[in-house]
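Enquirer: The residues making up each chain are set out below.
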Amino acid sequence: MESSNSSQDWDLVIESKSSLFDLKLYDLWRYRDLLRMFVKRDFVSFYKQTILGPLWFFIQPIFTTLVYVFVFGNLAGISTDGLPQFLFYLSGITAWNYFADCITKTSTVFKDNANIFGKVYFPRLILPLSIVVSNLVRFGVQLILFFSMMVYFYLDGADIQVTYVALLFPVLVLLMAFLGLGIGLIITAMTTKYRDLSFLVTFGVQLLMYATTVIYPLSSAPEQYRGFIEMNPMTPIIESFRYAFLGAGEFSWNNLLYTTLVTLVVFILGLVIFNKTERTFVDTI
Amino acid sequence: MGKTAIKVENLSKIYRLGEIGTGTVSRDLERWFRMNVLNQDDPFLQIGQTNDRATKGDSNVVYSLQDLNFDIQAGDAVGIIGKNGAGKSTLLKILSRVTAPSVGSVKVKGRVASLLEVGTGFHPELTGKENIYLNGAILGMTKKEITRKLDEIIDFSGVERYVDTPVKRYSSGMYVRLAFAVAAHLESEILIVDEVLAVGDAEFQRKCLGKMGEVSKNEGRTILFVSHNMNAVNNLCKKGIVLSNGTMAYQGNAESSVHYYLNNNQNSKGADLKHKEVSITALTINSRFGDVNTVEAFERFQLTIEFEIEKGEMQDLYLGVFFKDAYGSRISSISNWLNSQDFKAAKKNKITVDLTHGVSFREGNYSVDLEFFIPNKVYFENALSFEVINSSTTGYKKEFKSEYGNVYVPNKIIHEV
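Those protein sequences? They're chains D and Y, same order as listed. Counting along the first sequence from 1, when you hit position 101 you're at 101 in UniProt numbering, and nothing is skipped either side. Counting along the second sequence from 1, when you hit position 399 you're at 399 in UniProt numbering, and nothing is skipped either side.
Just chain D, same shape as in the assembly:
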């Protein structure tokens, strides 16, 4: 028995338990074409049979920004760090939306795809990854809107400047992607057992936005809450984003480092929990 086992090398061993850190990265690489297909599917199916098509990517941030300008800017009179209100809110919304979409969409991965997962094997992580990438496409389109508004306001004489932090932009995007993905992975893994969590997500993300410097600058945050707001790992990202492209806001390497550490911890935790759950979630969902 023993000898026959060792005489053959197996390509695949399916066991009841797998190592906590066996993340099957090779498999993930082998299925990279699938990732591309999923992204394409999301994109194509989003605008097929809509009249405005990809224009919808613009409509949502523009209207949200207009509402914010009206409510928070004009009615509440919250400071915008000396920036044009429209640009201030648009920058916050564009970046926040990407992060929020990453969380909300990945947090329902198991539930939404239970029928595919129940029928065929592929590395489960492909799907949440594809969501993050699809959102990236959408984020890119919305960035075009943001940049054209920047140019418009600049020509209009607004006091904005692009700083050296703009070089960190790819890092900021990665941080948002992995932080959102990490949180989403943890939530989706938990929702396979405890369904109530999914109700908490949209609501929680909404609340979290108010604890982030999307509608107010960090500089005008009340002193007693400032520490709390700075503890939110998204705050340094939004602040850096504003500082990078508009030249206002607070940029600090320490805060960014803190965010990076939190992101790493959350993402790795998410990966491990997700990998643990994917093996048997079909039985419980």
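Hints may contain errors.
To be verified - No more than 25 Å apart at the CA atoms, straight line, and that leaves these computed lysine to any residue pairs for SDA-like:
#	chain 1	residue 1	chain 2	residue 2
1	Y	Lys168	D	Asp9
2	D	Lys276	Y	Arg111
3	Y	Lys107	D	Val282
4	Y	Lys109	D	Asp9
5	Y	Lys274	Y	Lys344
6	Y	Lys109	D	Leu12
7	Y	Lys144	D	Leu25
Stated by the list, open to error - Selected chain Y positions facing chain D (Cβ under 10 Å, derived; list incomplete):
#	residue
8	Leu11
9	Ser12
10	Lys13
11	Tyr15
12	Arg97
13	Ser114
14	Gly121
15	Ile138
16	Thr142
17	Ile146
18	His228
19	Thr352
20	Pro375
Claimed, not checked - Some chain D residues well away from chain Y (every beta-carbon gap over 12 Å; in silico):
#	residue
21	Trp56
22	Met149
23	Met150
24	Ala158
25	Phe169
26	Gln206
27	Tyr210
28	Thr260
29	Val266
30	Ile268
Worth flagging that the hints you see were computed from the coordinates, not collected in a lab. Backbone N, C-alpha and C fix where the C-beta goes; we use that ideal spot for every residue, glycine too.
Given chain D, work out where chain Y should sit, using these hints.
Expert: Quick look at chain Y alone, frame taken from chain D:
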């Protein structure tokens, strides 16, 4: 002896009935800690319950598969048969890595492709061609492989004209054809197929079966095939495995496995021949061989039913006997209603049905359903099974093949010029 492609060792899969989890968060945590940190077995797992749906177990833990061991040689086509709930689907799910086993392991040599469903992940808004790519990728093909086989796939599917149309406009038949075409062109050493052929028209089914047979013979691919279609299992597979209540009941070549299954499946005698209004006390088929549920084609045999009616005497007893072939299709019925015979029933009754005179079932396995109206309908499914053999050449002179049907009607052909 060939190389082993799949080695299944001590495989068990446990499902918890009712609630999910152990019920409390603290026990969930304890279980998680013991299993994942201390690497122990599931502490809340109870041993010794088999998965029999008819009897209510005293534990809410059920073995869908229990201690399964077998090897499959590379290049074999193996049919997996068993009743609903025998564990076939669970086994396929584990082999295709959709779910993990609770205990034991499966070792696999070669790339596995599984088809538990055709068209997994098809998106209605995408065109046929786009879906070929998507579905192919889900099944594990790379973009390059799909591009190389695209023409072949489209050709096989026979929906060439519509490849640039969104699949939501397809008829269900076209949809299935396209989906199967993708699957049929998978390049893997091991192919796992669940009963996906149940859809699609007969012509296409034959094409698929042909393709699968071709694949296993020519390319030396290992195939695991689950089906209720015993003909397909017989035609396609070399070997067979019969599962029963999550354990292996039989392993052998395809024909003997089918035989074993048919003989044992319907013979769950006595178990469900009782109903609160009527119970069958004896049910036999008598032929020249005696009471052995075996009948010679073209020879007289008798079906005897003894039953008790709980409430005693009654007017207008109705009794129906349905004959079904091995695949569960009704092929003929006998009833006193059809014959316009009225029976007045007593508490204890005996009915003998005499079947005679030239009409004959084709050799093979049959089962009998019984139906009573007293006056409520009471139905006994698979109450009895029997086998028809043909050792003489009384009626038809040549082999009566399955494609000729199941019943031979005696006839005389008159030829005039």
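Enquirer: Decide, hint by hint, whether the structure agrees.
Expert: Going through the hints against the structure:
1. Only pairs whose Cα atoms come within 25 Å are accepted, and Lys168(Y) paired with Asp9(D) is rejected, the gap being roughly 45 Å.
2. A hinted pair counts as satisfied when its Cα atoms are at most 25 Å apart, and Lys276(D) with Arg111(Y) qualifies at roughly 23 Å.
3. Between Lys107(Y) and Val282(D) the alpha-carbon distance is near 21 Å, which keeps this suggested pair within the 25 Å criterion.
4. Annotation: proposed proximity of Lys109(Y) to Asp9(D) holds, straight-line Cα distance about 8 Å (limit 25 Å).
5. Restraint check: the Cα-Cα separation between Lys274(Y) and Lys344(Y) comes to about 21 Å, which is no more than 25 Å; the hinted pair holds.
6. About 7 Å separates the Cα atoms of Lys109(Y) and Leu12(D), which keeps this hinted pair within 25 Å; it holds.
7. Simply put, Lys144(Y) and Leu25(D) have alpha-carbon atoms about 21 Å apart, close enough for the 25 Å limit, and the pair holds.
8. Proximity of Leu11(Y) to chain D holds as hinted, the smallest CB-CB distance being about 9 Å (cut-off 10 Å).
9. The beta carbon of Ser12(Y) is positioned within 10 Å of a beta carbon in chain D (closest approach about 9 Å), and the interface hint is therefore held.
10. The criterion of a C-beta within 10 Å of any C-beta in chain D is met by Lys13(Y), whose closest approach is roughly 9 Å, and the hint holds.
11. Checking Tyr15(Y) against chain D: minimum C-beta separation of about 6 Å stays under 10 Å; hint holds.
12. Among the interface hints, the one on Arg97(Y) holds; its C-beta lies about 4 Å from the nearest C-beta in chain D, closer than the 10 Å criterion.
13. Proximity of Ser114(Y) to chain D holds as hinted, the smallest CB-CB distance being about 6 Å (cut-off 10 Å).
14. This hint holds: Gly121(Y) has a C-beta 5 Å from the nearest C-beta of chain D, less than the 10 Å allowed.
15. Annotation: Ile138(Y) was flagged as interfacial toward chain D, and the flag holds, the nearest CB pair being 6 Å apart, inside 10 Å.
16. The interface hint given for Thr142(Y) is met, as the beta carbon of that residue sits about 5 Å from the closest beta carbon of chain D, less than 10 Å.
17. Taken as an interface hint, Ile146(Y) checks out: its beta carbon lies about 8 Å from the nearest beta carbon of chain D, inside 10 Å.
18. Evaluation of the His228(Y) hint against chain D yields a violated restraint, the C-beta minimum of about 19 Å exceeding 10 Å.
19. For the restraint placing Thr352(Y) at the interface with chain D, the shortest Cβ-Cβ distance is roughly 50 Å, beyond the 10 Å limit, so the hint is violated.
20. Nearest Cβ of chain D to the Cβ of Pro375(Y): about 44 Å, over the 10 Å cut. The hint is violated.
21. No Cβ of chain Y comes within 12 Å of the Cβ of Trp56(D); the nearest lies about 15 Å off, and the non-interface call holds.
22. Residue-level check passed: Met149(D) sits 32 Å from the nearest beta carbon of chain Y, beyond 12 Å.
23. With 12 Å as the threshold on Cβ separation, the claim that Met150(D) sits away from chain Y holds: the shortest Cβ distance comes to roughly 35 Å.
24. No beta-carbon of chain Y comes within 12 Å of the beta-carbon of Ala158(D); the shortest separation is about 42 Å.
25. Every CB of chain Y is more than 12 Å from the CB of Phe169(D) (nearest about 30 Å), matching its label as outside the interface.
26. Here Gln206(D) stays apart from chain Y, with its beta-carbon at least about 27 Å from theirs, past the 12 Å limit.
27. Listed as outside the interface, Tyr210(D) is consistent with that label: its C-beta sits roughly 30 Å from the nearest C-beta of chain Y, beyond the 12 Å cut-off.
28. With a least CB separation of 28 Å from chain Y, Thr260(D) remains clear of the 12 Å interface cut-off, as annotated.
29. Against the 12 Å criterion, Val266(D) stays outside the reach of chain Y, whose nearest CB is about 19 Å from its own CB.
30. No beta-carbon of chain Y comes within 12 Å of the beta-carbon of Ile268(D); the shortest separation is about 16 Å.
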